[in-house]
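S.K.: These two chains come separately, so use the hints to put the complex back together.
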Amino acid sequence: MKNIDDTYILSGLLEGGIKRPLFERKLYEHFFYLIKQGAWKYGLDEDVCASVYSDTVINVIENVVTGRYHAKSSLKTYAYRIFMNKCVDEMRKNSTNKGKVNNKTKEIDSLILNLPDKAAGIVQQMIDKSDKLLLMQKVEELGEKCRKLLLLFEDGYNDKEIAQQMEYNSAEVVKTTRLRCLEKLREKVFSKKQND
Amino acid sequence: MIDTIEYIEKYFRGNLSDEEKAQFERKCEVDPAFAEEVGLYISVRDNIRKGLHAEKKRQFDGMYKERSSKNKGATDLVKSRPFLKNIRTYITLTAACLLLLLGWMVFFTESSPKQLASTYIENNLQMLSVPMDASQDSLQLGIGAFNQQDYVSAEKIFRSLANQDKLAPEAIKNLGILYLVTDEYDKAIREFEVLSEFTNLRANPGAFYKAVTLMKRDESGDAEKAKEILEDVINKNLPGSKEAAKWINEL
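For the protein sequence lines, the chains are A and B, in the order given.
Residue numbering for the first sequence follows our numbering, starting at 1 and increasing by one per position.
Residue numbering for the second sequence follows our numbering, starting at 1001 and increasing by one per position.
A few of these clues could be false.
List of simulated lysine-lysine pairs, DSS-like, C-alpha gap at most 27 Å [unchecked claim]: (1) A:Lys-148 - B:Lys-1227; (2) A:Lys-175 - B:Lys-1225; (3) A:Lys-175 - B:Lys-1056; (4) B:Lys-1187 - B:Lys-1225; (5) A:Lys-93 - B:Lys-1057; (6) B:Lys-1010 - A:Lys-36; (7) A:Lys-184 - B:Lys-1021; (8) A:Lys-129 - B:Lys-1021; (9) B:Lys-1057 - A:Lys-36; (10) A:Lys-118 - B:Lys-1021; (11) A:Lys-26 - B:Lys-1065; (12) A:Lys-160 - A:Lys-145; (13) A:Lys-160 - B:Lys-1021; (14) A:Lys-129 - B:Lys-1010; (15) A:Lys-26 - B:Lys-1070; (16) A:Lys-19 - A:Lys-160; (17) B:Lys-1166 - A:Lys-118; (18) A:Lys-138 - B:Lys-1057; (19) B:Lys-1065 - A:Lys-93; (20) A:Lys-76 - B:Lys-1070.
Calculated from the model, a selection of chain A residues having no Cβ within reach of chain B, i.e. all distances over 12 Å [what the hints assert, rightly or not]: (21) Tyr-8; (22) Ile-9; (23) Leu-10; (24) Ser-11; (25) Gly-12; (26) Leu-14; (27) Glu-15; (28) Gly-17; (29) Ile-18; (30) Lys-19; (31) Leu-44; (32) Glu-161; (33) Ala-163; (34) Met-166; (35) Tyr-168; (36) Val-173.
No lab work stands behind these hints: they were computed from the structure.
Heads up, the beta-carbon is just placed ideally off N, CA and C, and yes, glycines get one too.
Next up, chain B with everything else stripped away, as it sits in the complex (with noise of 0.2 Å):
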């Protein structure tokens, strides 16, 4: 049985090559008793885990409580000393003006397309919230694992939605997402040009998604397209509109 177990782990260390992997997952298909090895794995594997997970969430919270114990003792300490917090308020005052600053330059200094792009996806993409049908468990589990970053999981389940009909619409306009959000710009074009073809939708923000993309990637002639794409997205008053409406001046 060691040898069941061996095989079983270098499946998941990756240590199978193509032609092994899939005679593999085609044995955890065809055998039962396979399979049953290989749920045990995954079962033993994911509950030791938990407990890694515990022990270390023990451990920090550990240094979480004595450093609020020492961080009290400073603030007593602040407390029982104007001098000292005369100077915090003068701190507060200074990064109060700067913030004053920072933000009249930003008021009125041009935004270049990227930089309208990136402020859009740092404020409005980086979290995906959940359909209102939230009963699609694999969409949610892919919504899951985007939200902590874990794109490469995320990625395959989004994948595998995209060929089932009902949800392929959602997988696709989140891969193109997580695509553009990991920067890789031809990747999310692609997937956004096919969420664009899906004309049964209620509203499809694939246009405009793919001209935030262009306006992102920023290469020769992407800003003209992405005016062309923004100006029909107003248009046809599709998702988005009223952002391109904002953009397209400074276009």
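Just chain A, same shape as in the assembly (with noise of 0.2 Å):
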């Protein structure tokens, strides 16, 4: 049996590809006991600790594709840390005020953080005023074709990759789809708000 460590994982997730899915599940595999340690660590319930488990390797994975993880730590040590830190916010949750954080921290990996203080101010009360489910509905309307290219560059593919999967000519014609997909979803939703 092969000997799964960091640099494994971490060059079978960086590769890219249809292999990735693959080293998505190894990692899952690898760090599984994390859970049994989480429950008897914080006293949670072991489901509650697999579906932390679960979000903490999204973010490791997520972290290792757009280059966030510099390999500071070792893979393990990343992982725990962030497992642990997880378990901790999943306890303060009903417990304190301080769980209030929690709702905050799913939205830090907005694209938004990008921007300065000020552009990013004006930014946000444009997001505010939209109307979020109509949003998700015309995502939903969008099309398979498009939803699943959508998906597949927000994990972080390139286009290259999308249009090996997808079996497109190539990449560029990965970028224009993409690009008019994304017109598509505009036109819907300014529509919908036109005629409203």
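M.R.: This is the structure:
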């Protein structure tokens, strides 16, 4: 059996392509024992810990793929800390007002953090005014192909990899199709707003 | 309109030059229609990312259920075979003995300043707590990012708050801690020095944290400097004085 270590998992995740889901599953299995540790250490229900662990693995994958994991600590230490912090958040959820931090952390991945304060404030006002339910509904209406393409893009796959997976002729076609999908969505949202 | 979407996408993928970036950011501030386009783009991407996370979570939760049912089968097997149960008992006892031995070694072995600092950081600074006045959303956001080890976002948030009068001390303290846990000791020391200069705080841990950083950095002369600071912390009964009193003889 192949010895699974950090390098093996990291290179598999970074290599991308059709093999990436396999390495995501390997990562999930690799630190699976944390679920029991979390349940024991924080007195949480094991099913709750499993859900927290899933969130942890999703976080780790995202940080590895987007280059936010700099390998300053081992993958084990990295995953362990995120998991334990999430367990503490889970414990706080229903106990004190400190649990409020949990609601906020859900938004920390938002792209808006890339904008400087003043611009972010103005754009945030626009987002606050927008109809989130309408947007969700319009994303659903986009069609399977557009949705899959946008999901793969959001998952960190580059246009070339998406072209291979979805059998497009080239990366350039993927890019154009993606922009058209976003344009279609934009039109759906704005035309609904104008009709209202 | 595709051009606008492409332009927005280029910004968020980091494909614009510094000048183009600044232009983009100015446009968000002065052109409401453009700000609305950017808002929609962000909302769409956030929405799709949530969908993606939900999808992955479903897959992982499925794996958990599958593994749990297998483990249940294995536990049932152990219950039905006392020999396996005995093996587990022996392993547990051996592990306990090893732990005792390890504990003894740790207790009777002198700790270096670096070890003391590492242990302190591991136990106290890997997770930030929310201040009693939890009304500051941005600060909470930064703390949330820190606790999820998203240090890039946390740094951005704390850095922007460090210029605001009311939140500056807490933001600077958190920035210093962030640099300390990410091994950027020089930056951490600078932040803690700035923090120490706030004289109107009820409790200021700046000096103590600076000493911890010096101990952790462990360059020539750092231990001596840390010792001087810790003595000062003890004499003035500053935050961290209890730890300082424990450590002072080992430096």
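S.K.: For each hint, tell me whether it holds in the structure or not.
M.R.: Taking the hints in turn, this is what the structure says about them:
1. A:Lys-148 - B:Lys-1227: With Cα atoms ~59 Å apart, Lys-148 of chain A and Lys-1227 of chain B exceed 27 Å; violated.
2. A:Lys-175 - B:Lys-1225: Violated: Lys-175 of chain A and Lys-1225 of chain B sit about 57 Å apart, past 27 Å.
3. A:Lys-175 - B:Lys-1056: holds, 24 Å
4. B:Lys-1187 - B:Lys-1225: Cα-Cα ~17 Å, so holds.
5. A:Lys-93 - B:Lys-1057: holds, 20 Å
6. B:Lys-1010 - A:Lys-36: Violated, at roughly 43 Å.
7. A:Lys-184 - B:Lys-1021: Holds, at about 26 Å.
8. A:Lys-129 - B:Lys-1021: holds, 25 Å
9. B:Lys-1057 - A:Lys-36: holds, 18 Å
10. A:Lys-118 - B:Lys-1021: holds, 14 Å
11. A:Lys-26 - B:Lys-1065: holds, 16 Å
12. A:Lys-160 - A:Lys-145: holds, 16 Å
13. A:Lys-160 - B:Lys-1021: holds, 26 Å
14. A:Lys-129 - B:Lys-1010: holds, 25 Å
15. A:Lys-26 - B:Lys-1070: holds, 17 Å
16. A:Lys-19 - A:Lys-160: holds, 15 Å
17. B:Lys-1166 - A:Lys-118: holds, 18 Å
18. A:Lys-138 - B:Lys-1057: With a Cα-Cα distance of about 23 Å, the restraint between Lys-138 of chain A and Lys-1057 of chain B holds, given a limit of 27 Å.
19. B:Lys-1065 - A:Lys-93: holds, 24 Å
20. A:Lys-76 - B:Lys-1070: Roughly 24 Å between the alpha carbons, so the hint for Lys-76 of chain A and Lys-1070 of chain B holds.
21. Tyr-8: Fine: 19 Å to the nearest Cβ keeps Tyr-8 of chain A off the interface.
22. Ile-9: Check passes; 15 Å lies beyond 12 Å.
23. Leu-10: Non-interface label on Leu-10 of chain A holds, nearest chain B Cβ at 16 Å vs cutoff 12 Å.
24. Ser-11: holds, 20 Å
25. Gly-12: Gly-12 of chain A is indeed farther than 12 Å from all Cβ atoms of chain B, at 16 Å.
26. Leu-14: Given a closest Cβ separation of 17 Å, the condition holds.
27. Glu-15: At about 18 Å from chain B, Glu-15 of chain A clears the 12 Å cut-off, so the statement holds.
28. Gly-17: holds, 17 Å
29. Ile-18: Given that every Cβ of chain B is farther than 12 Å from that of Ile-18 of chain A, nearest at about 15 Å, it holds.
30. Lys-19: holds, 16 Å
31. Leu-44: Correct as stated: the minimum Cβ-Cβ distance to chain B is 14 Å, above 12 Å.
32. Glu-161: holds, 15 Å
33. Ala-163: Ala-163 of chain A clear of chain B: closest Cβ-Cβ about 17 Å, beyond 12 Å.
34. Met-166: For Met-166 of chain A, whose nearest Cβ neighbour in chain B is about 16 Å away, the distance exceeds 12 Å, so it holds.
35. Tyr-168: The assertion about Tyr-168 of chain A holds, with a minimum of 17 Å to chain B.
36. Val-173: holds, 14 Å
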